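Colleague: Got chain A sorted already, so can you dock chains B, C, D, E, F, G and H with the ligands onto it with the hints?
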Amino acid sequence: MKPVFKRPKSLYDVPFHYCPGCHHGIAHRLIAEAIDALGIQERVVAVASIGCSVFLYDYFAVDVLEAPHGRAPAVGTGIKRARPESIVFTYQGDGDLAAIGLAETIHAANRGEQLAVFFINNTIYGMTGGQMAPTTLPGQKTTTTPLGRRVIGEGAPLKMAEMIAALKPPAFVARVAVNNSKSIFQAKKAVQQAFRIQVEGKGYAFVEFLSACPTNWKMTPCEANRHVSEALIPEFPLGIFKGDL
Amino acid sequence: MKPVFKRPKSLYDVPFHYCPGCHHGIAHRLIAEAIDALGIQERVVAVASIGCSVFLYDYFAVDVLEAPHGRAPAVGTGIKRARPESIVFTYQGDGDLAAIGLAETIHAANRGEQLAVFFINNTIYGMTGGQMAPTTLPGQKTTTTPLGRRVIGEGAPLKMAEMIAALKPPAFVARVAVNNSKSIFQAKKAVQQAFRIQVEGKGYAFVEFLSACPTNWKMTPCEANRHVSEALIPEFPLGIFKGDL
Amino acid sequence: MRKTEAVYNRKLVKGNEAIALGAIAAGCRFYAGYPITPQNEIPEFMAGRMPAVGGTFIQAESEIAAISMVMGAAATGARAMTSSSSPGISLKQEAISYMAGSEIPCVVVNVCRSGPGLGGISASQGDYFQATRGGGHGDYRTFVLAPHSVQESYDLTMLAFDIADRYRTPVLVLSDAVLGQMKEPVYLRGYKGREIRKPWALTGAKGRKARYLKSLYLNEGELTARNWKLFRKYRRMEKEIRYEMYLTEDAEAIVVAFGCAARILKTSIQMARTKGMRVGMFRPISLFPFPSQALAAISNRVNRFLVCELNTGQMVEDVRLAVKPGATVESCLCPGYIPTPNELFREIKKRYLASNP
Amino acid sequence: MRKTEAVYNRKLVKGNEAIALGAIAAGCRFYAGYPITPQNEIPEFMAGRMPAVGGTFIQAESEIAAISMVMGAAATGARAMTSSSSPGISLKQEAISYMAGSEIPCVVVNVCRSGPGLGGISASQGDYFQATRGGGHGDYRTFVLAPHSVQESYDLTMLAFDIADRYRTPVLVLSDAVLGQMKEPVYLRGYKGREIRKPWALTGAKGRKARYLKSLYLNEGELTARNWKLFRKYRRMEKEIRYEMYLTEDAEAIVVAFGCAARILKTSIQMARTKGMRVGMFRPISLFPFPSQALAAISNRVNRFLVCELNTGQMVEDVRLAVKPGATVESCLCPGYIPTPNELFREIKKRYLASNP
Amino acid sequence: MYFDVIISGFGGQGILFMGNLLAHAAMLEGKNVTYMPAYGPEMRGGAANCTVVVADEEIGSPVIYHPHTAIVMNRPSLYKFGPRLLRGGLLVVNSSLVDPAEVIYKGINLLFVPANDLAREAGDDRLGNMAALGALITKTGVVRLQSLTDALSEVIQKKYRDLLPVNIKCLEKGATYVKNLKSQI
Amino acid sequence: MYFDVIISGFGGQGILFMGNLLAHAAMLEGKNVTYMPAYGPEMRGGAANCTVVVADEEIGSPVIYHPHTAIVMNRPSLYKFGPRLLRGGLLVVNSSLVDPAEVIYKGINLLFVPANDLAREAGDDRLGNMAALGALITKTGVVRLQSLTDALSEVIQKKYRDLLPVNIKCLEKGATYVKNLKSQI
Amino acid sequence: MPKLVLYKDRCKGCALCTLACPKHLLEISTEINRQGYYVISLAAPGKCNGCGLCAEMCPDMAIEVWR
Amino acid sequence: MPKLVLYKDRCKGCALCTLACPKHLLEISTEINRQGYYVISLAAPGKCNGCGLCAEMCPDMAIEVWR
Ligand SMILES: Cc1ncc(C[n+]2csc(CCOP(=O)(O)OP(=O)(O)O)c2C)c(N)n1
Ligand SMILES: Cc1ncc(C[n+]2csc(CCOP(=O)(O)OP(=O)(O)O)c2C)c(N)n1
Ligand code: SF4
Ligand code: SF4
Ligand code: SF4
Ligand code: SF4
Ligand code: SF4
Ligand code: SF4
Ligand SMILES: [Mg+2]
Ligand SMILES: [Mg+2]
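Sequences listed follow chains A, B, C, D, E, F, G and H, in order.
Number 128 in this note's numbering belongs to position 128 of the first sequence; there are no gaps in the numbering.
Number 115 in this note's numbering belongs to position 115 of the second sequence; there are no gaps in the numbering.
Number 49 in this note's numbering belongs to position 49 of the third sequence; there are no gaps in the numbering.
Number 175 in this note's numbering belongs to position 175 of the fourth sequence; there are no gaps in the numbering.
Number 168 in this note's numbering belongs to position 168 of the fifth sequence; there are no gaps in the numbering.
Number 15 in this note's numbering belongs to position 15 of the sixth sequence; there are no gaps in the numbering.
Number 64 in this note's numbering belongs to position 64 of the seventh sequence; there are no gaps in the numbering.
Number 33 in this note's numbering belongs to position 33 of the eighth sequence; there are no gaps in the numbering.
Bear in mind the hints are in silico, worked out from the structure with no lab data behind them.
In this text the structure is predicted, and so the values were computed from the model without any measurement.
Don't take each hint at face value.
Computed list of lysine-lysine pairs in DSS-like fashion (alpha-carbon distance at most 27 angstroms, straight line) [said to hold, decoys possible]: (1) B/Lys202 x A/Lys141; (2) H/Lys3 x B/Lys188; (3) H/Lys3 x B/Lys2; (4) C/Lys206 x B/Lys6.
Beyond 12 angstroms from chain E on every Cβ pair, some chain C residues (computed) [claimed, not checked]: (5) Gly27; (6) Gly221; (7) Ile241; (8) Gly326; (9) Arg351.
From the three backbone atoms N, C-alpha and C, an ideal C-beta is built for every residue, glycine too.
In isolation and in its complexed conformation, chain A is listed as follows (with noise of 0.2 angstroms):
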């Protein structure tokens, strides 16, 4: 018999902390498969960044470097530039990529630098308990936005794939979901795609996943993972904006 599933190998063989239902472990398998598929585990450096995943050293097995809160782009920027055959990817949530560290965002990217960004949005804070996060969706009710965030005052959901994929020089920009089988599917060509142009040597590449929380939208697992075809697709549309698969 053959294994049609099986943990992948740049995993350690230990269970994550995240709460029953959370996206990230999705996540965190397809970058690993990912891995796994290109051979790469022992060349990969990756940027953890301060949010629920920042314990992404105790699961890949991989060296992994702990970034200050939304600098993960240009903690990368540092280790590939020194270390040019290494492949390096960040992992970012929302709070990180699109608030605190966007300003890093931006230029990592404009400057094209040769990383694979991965970033989860679940359009909340999650580590910190569920503030508003700059992708958390009009309406929403956050503890921080207790009558739904207003689009004036309180800000629109950043669209952080078409603002990305707006510049120049990054070479492959997606968003997928991972909440049914299909989306998975698509999800890991995008993770593969991302590692690939950077083993080539092309680039940038931007992956974004919209991810659920059920524990801060106060759903269970399942009204989140329905949520996120429901509410957030919607308002993120899934698709390849820059370069293809």
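Modeller: For chains B, C, D, E, F, G and H with the ligands alone, kept in the frame of chain A given last:
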């Protein structure tokens, strides 16, 4: 006899410290004229940013706050929210607005803050002596790109007006030049519109000026003036990107 | 507190909420912040309450944006506040330096967690140096108030606004994870201070000359004058020094501590007293200006000091600088964790016995 | 320096260039920075030279991005540096705290200008506290080297890389606007140190287990252990303490100064000597760890100290903490401007005569 | 008078609510009290605990490593806090979810309360927390039952108002359970 | 031996180049030397000045408020630095651009050098800086002319190589001018 | 016959796999694991075609599929 | 006749006004002002139509135009 052209009263009658042929002076005057035209001098609180124009308060006869480098939009947000009856504008260079202050710039725009943001894009760091800016042209030599800016590795010129126009909340976004009478006339209208929008409570306005820096471009004023049409405008097209005049 | 008050007017709130309540009571109508554990109750409370009192709450895109917004709001004369915890406070240092230089008052709350770096979320006093030595660049200080209870979190936050306005200076409230997260009954006394006129505020040049607030001084001698002006102001602020003395009258040895360490120590000292050790506690409430004279006065009588802090030794320098020559100053250090009263009692005992065999 | 060297191997360069030259000589192959006066010669020099030596120069989008890039590069084992001036250094504090906590070595240059806020661009020593007390949040310190000449700017920068690697710590080179902008002949001795192996570097998990570098420690006791580990390391760094003594042997009074203040003072002291005053100078070269023992030793003999600094009184605390009880420590403060040798001479004379009437 | 307790269980069990309520009741009785929740990333897994100290004197530390009293509402809590209890202390065990056979600690007093079962009998098996709390105060006398029910009506959120009676019933169930135990002895 | 000078004028006059060159020459003679440019925003208006100190001993301050020597290449410089000169000091005035009648300071030595005129005679009136420098060193002897010309060929940028001779000629013009003055006395 | 391996202690009972199985073979059982979660169970092992979609969906990699 | 007022001490000799005048009436003179700049001069005042375009262009507001 009536004056065809006279110094606006919102400017003190003192000489500018700017270099000969520097467009900062023209931008100052257009802003002062608009303040006069709308009769809002007594309501204006301006935010000076760090760059050649930091001495704004020496020129404008309005209340002025000096912001930390790059933070003018956040500072302006604080002023306007705390005193909604004020008319608030920021005046920022390309280093200030598009490099260190990029996150503040985009987030203030994306919240639709009631601000007029005047962006002086001279493709260079003027005050610090001619280093690369986020808007530096491909191939442009600066003290930190001695061989000319390379897009990959050093970045493509950031198109701030376009980037901000792509956000939902901003009410008015324009790019203007001041290198000849015709463009000055257009610029004048754009500046007035930026203020009018705020007077009418309609939200965020952004006006990007293409501006000459003869000193750091190492050109004569006339050469620099010509360079605006020959090199800057082709890269940064003029126009109204959002809202209308 | 009298029993009647205690029973009828107390509310059970977290230290963080008490800070928010104190701020609003003191007339703070502008708050901007960015989420970080363990201070999230402050922005969350403000998000709910500010609109109701006609104030502004903004969740900023970063700590830097938050303090910059506060700078803008405060420049118009509004009472404005931001809060964060250690890493976020580091990011605010540049702007705090600007506000000190431009003499714009504001209140900055640091619900201190452990460092360095991301560190941990447990309580710590590792930011003492940063708080008391200006933190950012240049020659400036901020007034620093360190509560040790939920009640003080409320009271000192109100005071912070008064001091900020009186001296046109940023005031830091240095809380910590324990004080911020714990609930205790607090008597909501209400604001007894007074808001003062701000003839420097940027309100639009209506019927007066235009004004500006800035920190740039390039002409010869101007900056020096400004530095000395600030220096003299910091001297004047010594009028506002606050501290608590606990069982010091007959003490043969004094333990110095602030914030949550001090409240734990009180128990330890009670334990020591029951064993007949004549130990007292000195608790600085204002950390800058530091109550050096009061300590010096004590050191005329007592010559053994033990400084107890949740770090690897910071306030001990201020104590050493304050006491009379000849006094011995030892340290009892608990970086990255909360000691038990017992543990501190043992430290006291060990040292007390060493010199009273 | 012997005459022959002097004549044949000297180059006339700015202090800022000397720092860049020293860095490249020491094997620094990664530099990221952001423009700010008065240190722009460093990034500008690096922009021209780095590509030629196979290194990387990046003009970052901000000071924060620059130090973060340095963190990334240094984590791979590369010798990496950033530079800025006061306001920019404030912005780097969070990341410096992270690097201290993660034990990632790097060199940070502060060509100090006047503050607070935007302040001015003249030389200052207003960032002494920030430099020597960690600056950012949490319990950490950085090694601090303070050159007082262009030659030392070159030499100490090379040394900074060695110390950084040896102790896995950020090292701060504290220069100032005068030292950075002035030209002086410098003898380019070349790098005599040695790059060491970095078995902790992130180079990809090839033929070994995967590694990580982090500053987050949440499990009980871990962070405390880390804090104490750092504390012990800072103690060990005392081996690297450096200072200069000038005419101290027979001195009856000692002036303490560092950086550009010290070089100006040397002239003042010569003036005093010609008037028969037995005055000497003590110049700390490492500011943290501070040469407290050496000062204490002097204070066995001499009991009058004058601390001269370009701020409103910062290093004076370290001097007070170092000298023996009974010694008097006075201050001569020049915030925001450069004193003349004459002015300092008068200060010395006034005080010297007061106690030797 | 001095009393401290660590209350521990998993997220959904209303652990923090228990602590809060107890603290509130103590406040209503004019006592000094501190309540300290554990918080932050360590909570992600779903564990929850808090510490309450009640005293007549000023309270020093709100953080207790070795409590006089502990309530463990599930198995992991037993393993975490059982060993930390002070010698002679009181361990209240939710025997609906924890097998008494697993409680192997010596030198401490034990109180087994089938909290969820009692709650089910009272009408809502999710309110085991109230039953346990009722049991605790009856055993220790730290606050009066009346203070708890007073506190409850002040603390309970508006939308859960209608659950007030069943909550009170659970408190009482726990209290009665202990009283009965006592009378049995 | 101790010498200091502030050289001042406007941006296009090659003020910083003068200082640099002088410092370089001093270095070639094995002397200690410091060169300190004024810089930053205050320079925006187009003013430029720098300070050079040459000494046998270690040099203390490279910043001089009251110099022993000053070269003023234009009028604003005269007003700025004239009053700062030490009593008994030497003021070198570019009399091509500054009317000697405006020089009203007492107790100092004056040397008027028609620098731009001399330079024009030498072939390039923009090289007044070199003429003034040649005059200065001849008057003061701070460095030898030969050292200056040596320094010049080391310092001059490649693309201006062909201007070396005319630069040297200007230096010499200034030197000769002062020698002739001397011999006239 | 395809084999489905369930690592019960990894399961968090989120039920996402139940949504993913095209044949609706998975459901939450009444069994509680060491973490305190109700774990999943495979109703009719014989009907499983080993497509692996459940495993692809599981955030905690609690399922392994062999064919 | 339109009047053109030149504030000579404000002029920095940048010559931008010379580009702006549709009638090419302005040129840099040989006169140096207090700031050290060669100032502008109006060649044929009579030809000036007072359109003000030169003034609009001047970064230093050295020109005032009346009509
Ligand atoms: C400088 C700084 N500010 C704030 C924080 C607190 N903080 C930790 S994680 C986080 C954001 C988490 O949200 P996100 O990036 O969306 O990641 P998620 O947890 O949702 O995956 C914040 C603000 C911090 N650690 N450092
Ligand atoms: C935090 C900080 N970083 C850097 C500087 C130095 N600085 C002053 S102005 C400036 C940028 C000037 O460029 P720009 O914003 O384009 O304005 P311009 O002078 O070109 O009008 C910089 C980097 C500073 N003052 N503060
Ligand atoms: S809080 Fe949200 S993002 Fe974080 S682990 Fe839980 S579900 Fe995932
Ligand atoms: S440096 Fe450039 S931007 Fe600054 S004043 Fe001069 S010309 Fe204008
Ligand atoms: S392998 Fe396919 S058929 Fe079998 S249980 Fe999983 S999803 Fe259903
Ligand atoms: S998806 Fe995984 S964790 Fe969730 S219920 Fe199924 S097997 Fe369990
Ligand atoms: S007013 Fe018009 S015509 Fe007259 S000089 Fe100016 S631009 Fe020329
Ligand atoms: S545009 Fe103005 S400053 Fe320039 S030359 Fe004409 S008048 Fe003079
Ligand atoms: Mg998120
Ligand atoms: Mg610019």
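Colleague: Look at each hint and say if it fits the structure.
Modeller: Going through the hints against the structure:
A C-alpha spacing of about 25 angstroms is found between B/Lys202 and A/Lys141, which places the hinted pair at or below 27 angstroms, so the restraint holds. The suggested pairing of H/Lys3 with B/Lys188 holds, with an alpha-carbon distance near 23 angstroms, which does not exceed 27 angstroms. Simply put, H/Lys3 and B/Lys2 have alpha-carbon atoms about 10 angstroms apart, close enough for the 27 angstroms limit, and the pair holds. Annotation: proposed proximity of C/Lys206 to B/Lys6 holds, straight-line Cα distance about 23 angstroms (limit 27 angstroms).
Interface exclusion of C/Gly27 from chain E stands, the closest Cβ pair being 28 angstroms apart, more than 12 angstroms. No Cβ of chain E comes within 12 angstroms of the Cβ of C/Gly221; the nearest lies about 51 angstroms off, and the non-interface call holds. The beta carbon of C/Ile241 sits about 23 angstroms from the closest Cβ of chain E, which is more than 12 angstroms, so the claim that it is off the interface holds. No beta-carbon of chain E is positioned within 12 angstroms of the beta-carbon of C/Gly326; the least distance is around 31 angstroms.
Taking the minimum C-beta to C-beta distance to chain E, about 19 angstroms, the non-interface status of C/Arg351 holds against the 12 angstroms cut.
When each numbered hint is compared with the structure, no violation occurs for any of them.
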